[in-house]
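Asker: This is what each chain is made of:
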Amino acid sequence: MISKLPLTQNINAARDPVSLDDYQANHGYAAARKAVHQMTPAECLKVVQDSGLRGRGGAGFPTGMKWSFVPMENVSEGHKYLICNADEMEPGTFKDRLLMECDPHQLIEGMILSAWTIQADVAYIFIRHEYHLASKLLQEAIDACYAKGYLGKDIFGSGFNLELYVHSSAGRYICGEETALISSLEGKRANPRAKPPFPQVSGLWGRPTIVNNVETLCNITHILRNGADWYKTLGRGEDHGTKLFGVSGRVNNPGCWELPMGTPIRELIEHHAGGMQAGYKLRGFLPGGASTDFLVEEHLDLAMDYDVIGKAGSRLGTGTMIILDDKTCPVGMTKNLVAFFAQESCGFCTPCRDGLPWSAQVLDDLETGNGIPADLNTLQNQVRFIGAIGNTHCALAPGAMEPLASAMKYFADDFQAHIDGKACPYSTAISSASESAGVN
Amino acid sequence: MNQPIEKNSSSSKARSISPILTAAELAEIDHEISHAPTRSAVAIDALKIVQKHHRWVSDERLKGLADYLDMSTAELDGIATFYSLIYRKPVGEKVISLCDSVTCWIKGYAQLEQHISRQLGVGLGQTTADNRYTFLPTPCLGACDRAPVMMVGEDTHLDLTEDKINQILAIKGGQEQ
Chain A
1 MISKLPLTQN INAARDPVSL DDYQANHGYA AARKAVHQMT PAECLKVVQD
51 SGLRGRGGAG FPTGMKWSFV PMENVSEGHK YLICNADEME PGTFKDRLLM
101 ECDPHQLIEG MILSAWTIQA DVAYIFIRHE YHLASKLLQE AIDACYAKGY
151 LGKDIFGSGF NLELYVHSSA GRYICGEETA LISSLEGKRA NPRAKPPFPQ
201 VSGLWGRPTI VNNVETLCNI THILRNGADW YKTLGRGEDH GTKLFGVSGR
251 VNNPGCWELP MGTPIRELIE HHAGGMQAGY KLRGFLPGGA STDFLVEEHL
301 DLAMDYDVIG KAGSRLGTGT MIILDDKTCP VGMTKNLVAF FAQESCGFCT
351 PCRDGLPWSA QVLDDLETGN GIPADLNTLQ NQVRFIGAIG NTHCALAPGA
401 MEPLASAMKY FADDFQAHID GKACPYSTAI SSASESAGVN
Chain B
441 MNQPIEKNSS SSKARSISPI LTAAELAEID HEISHAPTRS AVAIDALKIV
491 QKHHRWVSDE RLKGLADYLD MSTAELDGIA TFYSLIYRKP VGEKVISLCD
541 SVTCWIKGYA QLEQHISRQL GVGLGQTTAD NRYTFLPTPC LGACDRAPVM
591 MVGEDTHLDL TEDKINQILA IKGGQEQ
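Note that the protein sequences, when read in sequence, are chains A and B.
If you count by our numbering, then the first sequence holds residues 1 to 440, one letter each, in order.
If you count by our numbering, then the second sequence holds residues 441 to 617, one letter each, in order.
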């Protein structure tokens, strides 16, 4: 019986991470062994394309299509690179940590399969510095694979070579942007690059490079183990497969669960996360991390599929939801989000470097009772100019405007109340909520 | 990316090895260089190695490292100051990194920040007089289901309360005395 929740089938938080022996006892590395011996890269690519897998890092770009742009014939001599983006830093996101800390071999097998498909001979796991445990467990798992001949020269006796390194980063959210990540891996400041050329053609050291999120690569293991047709049976809606979904904020049971794509939001928040804590009501939520637009109660019955959430005016993003309750100030929360993006701008493009701190300042004025009516117009203009795709090299600044634009739409009365009352109406509520932080 | 790729091995330019970098540091840096296409490619790894040994990266060590990696001091400093986890000022024995991102903010970041400041007598960005702790904010630590969250050194602490923080900092202090 093949698990219907493949990504977490080996994961049991109550015990040690899955060892190489345990992993192999449950079909581990069978798909990698089979692929390098019996499948051509083109055949593997076809399976991934047919599966309909969309990138789990936040953008939801079809993985098979991304890979299809990697040149496979008449490639000049040199390396091709596969990079696992394990720089999980989107505020509110805590899913890749689980996959790496509990089942590192699932990720490594996904990377072997992906490297074979694009014929990469060098791979990196770019992991954020703070994930010390994940880093250590991955390195131990990689060492075990080298010892068995699953990594290195002539893996599984197939003649295929793959070196895999763990690179621990030195901070900065922008490193999660794929071209910034490549700059950082080259030892430089993590400035995103203008596209084209795209990394698939000219990435790390100017060579063909694929960057995929941890969860995306973990999916590859199961897609190539069980096939595209099986994978398509896993979703409940229009997207295929399963995904790690999470909830944080004032719910009874915050956490992270693997659920079929297309599961209704309400089921995640009310059933898995146990609904709102006593004394708190749901006012809104960010469906997939800090850079996604707020949604509200009327959206609770939407299916968690990329295009469904997109049509509702937000993004599924990383699938980890942050709940805004009725005792937390929406303006204050938006200020926290925008201030984060202002701080994390790499500083290269003017709208981002100079625009985001301006937005954060205006929101701070509102929150501290120093707002004026014209501030709302200023914020709307900022949303229009900073939020426009194409005014900046990467999506950091437009992403920062998503929660701001949607907060002004859904919580307009709150913005107005800050100006009219020359104070944050939640001040009392916030300080009492803070005081109760000790018991929550 | 249009720059020609230099060779890994020692170029014609004589490389001065500043005595400020220890043999242990150089061995670790050389290991990184062994699988990198250029010496400067390991800049971030090398800064982290130096910092691991000295807790921060001083001007002297930055210059020694820049020479060793065939880079200008200014270029390496541009990299060092870009990354938030490379410290260019001295820090205490342990860095307290309190998450100030959205879920932790909702769950009481502001109060915990004030609590730690009061307990240690330092504000964000400062080091205690006994040099034990440096107190810094950090973006999301990826444990939002257990917010509020902080790290002390390499240890992550979840579900923070004022009492729990008192315990963590007192226990850590006790061990170090």
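Hints listed in this document are in silico derivations from the structure and should not be mistaken for laboratory results.
Be aware that a few hints might be false.
Unchecked claim - Computed beta-carbon distance windows for the label pairs:
id : chain 1 : residue 1 : chain 2 : residue 2 : range
1  : B       : H471      : A       : A147      : 52 to 58 Å
2  : B       : A463      : A       : D16       : 32 to 38 Å
3  : B       : A463      : A       : K34       : 58 to 64 Å
4  : B       : D470      : A       : A423      : 56 to 62 Å
5  : B       : H494      : A       : Q416      : 30 to 36 Å
6  : B       : S512      : A       : Q343      : 25 to 31 Å
C-beta atoms are modelled at their ideal positions from N, C-alpha and C, and glycine is treated no differently.
Asker: Now, for every hint given, state plainly whether the structure supports it.
Answerer: Each hint tested on the structure:
1. Between B:H471 and A:A147 the Cβ separation comes to about 19 Å, which falls outside the hinted range of 52 to 58 Å.
2. Range check, B:A463 to A:D16: about 36 Å between beta-carbon atoms, so the 32 to 38 Å window is met.
3. At about 47 Å, the CB distance of B:A463 to A:K34 disagrees with the hint of 58 to 64 Å.
4. Remark: the range hint 56 to 62 Å for B:D470 to A:A423 is upheld by a beta-carbon distance near 60 Å.
5. For B:H494 paired with A:Q416, a C-beta distance near 53 Å fails the hint of 30 to 36 Å.
6. The given range of 25 to 31 Å is respected by B:S512 and A:Q343, whose C-beta atoms sit roughly 27 Å from each other.
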